[in-house]
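*Asks:* Chains as they are written, first to last, in the UniProt record's numbering: chain A, 1 to 422; chain B, 1 to 319; chain C, 1 to 260.
For the record, the hints were derived by calculation from the structure and aren't laboratory data. Wrong hints could be hidden among the right ones.
As the list claims (entries may be wrong) - Simulated DEER-style distance windows between Cβ atoms:
hint, chain 1, residue 1, chain 2, residue 2, range
1, C, Ala-180, A, Leu-152, 54 to 64 Å
2, B, Gly-6, A, Lys-200, 43 to 53 Å
3, B, Gln-10, A, Lys-276, 41 to 51 Å
4, A, Asn-351, B, Asn-179, 56 to 66 Å
As the list claims (entries may be wrong) - Straight-line C-alpha distance at most 20 Å; calculated SDA-like pairs for lysine to any residue:
hint, chain 1, residue 1, chain 2, residue 2
5, A, Lys-405, C, Lys-74
6, A, Lys-404, C, Lys-74
7, A, Lys-209, B, Lys-133
8, A, Lys-13, A, Ala-61
9, A, Lys-276, C, Lys-74
10, B, Lys-291, A, Val-194
11, B, Lys-291, A, Leu-198
12, A, Lys-372, B, Lys-291
Beta carbons are placed, not taken as given, at the ideal position from N, Cα and C, and that holds for glycine.
Chain by chain, the residues run as shown.
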Amino acid sequence: MENISKLFHEYIKREIIQLGIIFLSPILLYVFNGNGIAFILFLLSLFLLHQSNKLNTKIKAIIAIVDLIVIIPLVGFANSYYLDVITQIGIYAILAIGLNVVVGFTGLLNLGYVGFYAVGAYTYAIFATSQANNFISPAILKFPISGNWFWLFLIIGMVVSGFVGFLLGLPVLRLRGDYLAIVTLGFAEIIRIVLNNLDKPINFTNGPKGITPVQPPAFFGIVLNQTIHYYFIVLVLLGLTIIAANRLNNSRVGRAWTAIREDELAARTMGIPIVKMKLLAFSIGAAFAGMMGVLFAAKQSFIDPSSFGFMESIGILAMVIMGGMGNISGVIIGALAVVVLQLHILKEFSNFLRQLTVAGIINIPSQLDPAKYERLVFGLILVLMCIFRPQGFLPAKRTMEYIKKHVKKLKKTENKKDVFVE
Amino acid sequence: MEEMTGMIPQLLIDGLTLGFVYAIVALGYTMVYGILEFINFAHSEIFMVGAFAGTEVLLFMQSAGYLEKIPAPLALLIAIIIAMVFSGALGVFIERVAYKPVRSAPKLVAFISAIGVSFFLQDAVRLVEGLWKNAFYLSTPTLFTTSINITNTLKMPVKVIYIMIIAIIIMVSLNLFVNKHRLGKAMRAVAQDRDTASLMAINVNSIISLTFLIGAGLGGAAGTLFSVQYALIHPYVGFIIGMKAFTAAVFGGIGSIPGAMLGGILLGLLEVFGAGFLGILTNGVLGAEYKDVFAFAILIIILIFKPSGLLGKTVREKV
Amino acid sequence: MALLDVKGLTKTFGGLVAVNNIDFQMEDKQIVSVIGPNGAGKTTFFNVISGYYPDHVGTITFGGHNLKDLNPEKVAAYRMARTFQNIRLFPDMLTVENILVGMHLHLSSNLFDIVLNTKRLKREEKEAYERAMELLNYVGLEGKDNELAKNLPYGEQRLLEIARALAIKPKLLLLDEPAAGLNPKETEAMKNFIIKIRDELGHSILLIEHDMKLVMGLSDKITVINYGVKIAEGTPDEIKNNPEVIKAYLGDDTTTDAVA
């Protein structure tokens, strides 16, 4: 009896703490603007909000909207650093969802994901700077194009990257999984080397010097180059990406992907054309990366091949693995955790140590700057996750919710077809 | 054309030297793959650690003044042996800590774990060297300065001769071990059929450890040879060599020991000749900077058209 | 014309001849069994027919289609479904999803339908779901729709695998040892279930089985394979009394009793 009441109290306490964080942290963040702890607490509250089963869906939606559309922008006006971190999280979340289609849903290891990101970025950057005039005469068309074209380029970036993914996948998707991983890695390296050297004989990419200034997006002539603009663009794209990925996962295509991941031969025996399905997953993943590449180029205004190294691919892979392969909420959490770790915790920790060194309390040589040891941290994370929790923090769970919604919505069709034979 | 024929002997020497390094690293990939059907992604970092271990030994001998007192080949041999022991132990340790716990999980998991190990080691070496030496780029002490004049224009550095001799000794003894020694035969048995081998009273776990020990040891030796040949190493040096060596292993037929040797030497030659001639053949449009593209393109082409490689057997998935 | 017509089928692995020059026919709506001692080449025979080994010799005609050089997915598209000796479900998918995967060939929604969530998609998914639920109930797994396939007990996994195969709407259903690992009571139920599938749904069924009681109790025709060669063919009664078959089985102590 005593145990039960103790459990009950603990349960209540946990619920209260959760709800407290959900409701209070936005206020705290607003009041203590620029406080790192309040910021992390706020991010935690978004996660708790997503996980909470005490609040009904409507209240959850309202809180989420208030958090995302009111609190974050308000905080951003006062302190654009945090807004930028959140925007980064959004960008990586979309990339991670795209990679998750390949790695999580279909079980194909793509180590060259950043190659597709680069393709998208250069697709926009070349035309949104004067770079394109190196191979298209200014007499015909004068570059850069205006930022109004950005929106169309989001789609062009998707199509071009998706097509490159298709071309690469066509021969290599027949290979075994680990070979595929190495080939994609090689592909990304080839892309990087080519970008580095394609400044001659015709200057397409401007080589290692990179391309700048890339036109920021514009909407009917209004230039959108503030952090807050990018925040809202990313928010919309993230919303669309989540919807698309969820719908795919819960369709015949998503089921085929999962079946291929679970047992390739059994899937083939069910009549699933595996090469076609793998190509589809591969191209869709690439398309997401291409779209974000366009955004990245516009947001940074400067791109060079060094932004698209192997480390970037591994960072995105770490998000997918940490969050939970195959689970969309999971990989968003993964993106959040990795970006916060990378941009925030490691940097803050470095700053803290530097301050201590400056103050003469301790003496940490600059070689030991924690911000320089991303690989060590991510390597450790990957190994530990693989050993102790290979399914990630939020493991994927199959449900029939989507289909049941359709069943509920559509009235029973009158004339039913024969179930078993035609 | 004359320009090209004149380059051939020098390119041959360079290509063979590079090819021998690739071949020895490729052996590590191919042996582990043969036993576990697993690409040991961290092998490139084992190579790198070996390079650091060997170089540190040479640096120690230099600062302690031994390097002038003992003959250079002996110094090189000592460095190689210590690097092999160090890397071999590291390889076994990595297998126990990061691979064995995930052996029964899907292959993807083990592979990702290997990537994690690889990344961890890069920065770990940087951290250690940074603390110890305050710099993480090491210049290798010069061991051999002389060259043999083969013709008036063609010189063969003594260094290269020693590297080739050591590489050949390593490969021949590995072949003898695998084909003649009891443990080598057990290794081949495990590679063919792990379950049956364990029924034949072969301790599969120790054979796996032994494979990692030898494969990683070879990686360490290759690292030291690389360091002596190219005179500069850093913690990120393994990645590209590893990719090339893996390409070599696939080229020769992954799982096949003679295949790895053949693949390594061929790839070294192809790369050096490719880089040398690419500029001339394309009138300067494509230069030597595309040599890495060249290697990766070879990898992709082999995997597509002959995934079993030159000397490998076609393996079919069991139904 | 025969539903399945196999002529001169040979499949070798290296030097080993697993299936040697087999001729085989079966008609529509028949239940035919392939029996033989362990290692006789039965499963290889199945695998060749299912399109796993494109490098076989001989011709296979199924429902008028020549299956030469085909892969498993194309064979399935001609409506040949199969189960596996060692059950190959999609373990981390729900039971009903396993069946929905089996329906893949009959669903036609494309990417745009899916991403835009069109009415067409909703209708198709709803119908598919209802059909999957009916199939699940048909094989006796009512109320198990929300379970992961791997969490079902062994016997139910076998049933689910059959339900998944039925979802293809097969012209021919291949069952690879459907009673393996089942107790006598379950085996009897499986026998009746197989007959029910044929009688009620009109499927043709080709099965491999070790359990002689099961085979004798339901087959219209039995084909006996030994060392990759067909040694006998006929009704259960003919097979029981065939001296060749008795000789083949006498060498194998474990199944002698069952034949007698």
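*Asks:* Give a verdict on every hint.
*Replies:* How the hints compare with the structure:
1. Ala-180/C - Leu-152/A: 54 to 64 Å: For Leu-152/A against Ala-180/C, whose Cβ atoms are near 59 Å apart, the range 54 to 64 Å holds.
2. Gly-6/B - Lys-200/A: 43 to 53 Å: 26 Å, violated
3. Gln-10/B - Lys-276/A: 41 to 51 Å: Distance hint for Gln-10/B, Lys-276/A holds at roughly 49 Å.
4. Asn-351/A - Asn-179/B: 56 to 66 Å: 59 Å, holds
5. Lys-405/A - Lys-74/C: Not OK: Lys-405/A and Lys-74/C at ~33 Å, beyond 20 Å, violated.
6. Lys-404/A - Lys-74/C: Cα-Cα ~31 Å, so violated.
7. Lys-209/A - Lys-133/B: Judged against 20 Å, a Cα distance of about 32 Å means the pair is violated.
8. Lys-13/A - Ala-61/A: Violated: Lys-13/A and Ala-61/A sit about 24 Å apart, past 20 Å.
9. Lys-276/A - Lys-74/C: 13 Å, holds
10. Lys-291/B - Val-194/A: Answer holds: Lys-291/B to Val-194/A is near 11 Å, not above 20 Å.
11. Lys-291/B - Leu-198/A: Holds, at about 14 Å.
12. Lys-372/A - Lys-291/B: 29 Å, violated
Of the numbered hints stated above, those contradicted by the structure are hints 2, 5, 6, 7, 8, 12, listed in ascending order.
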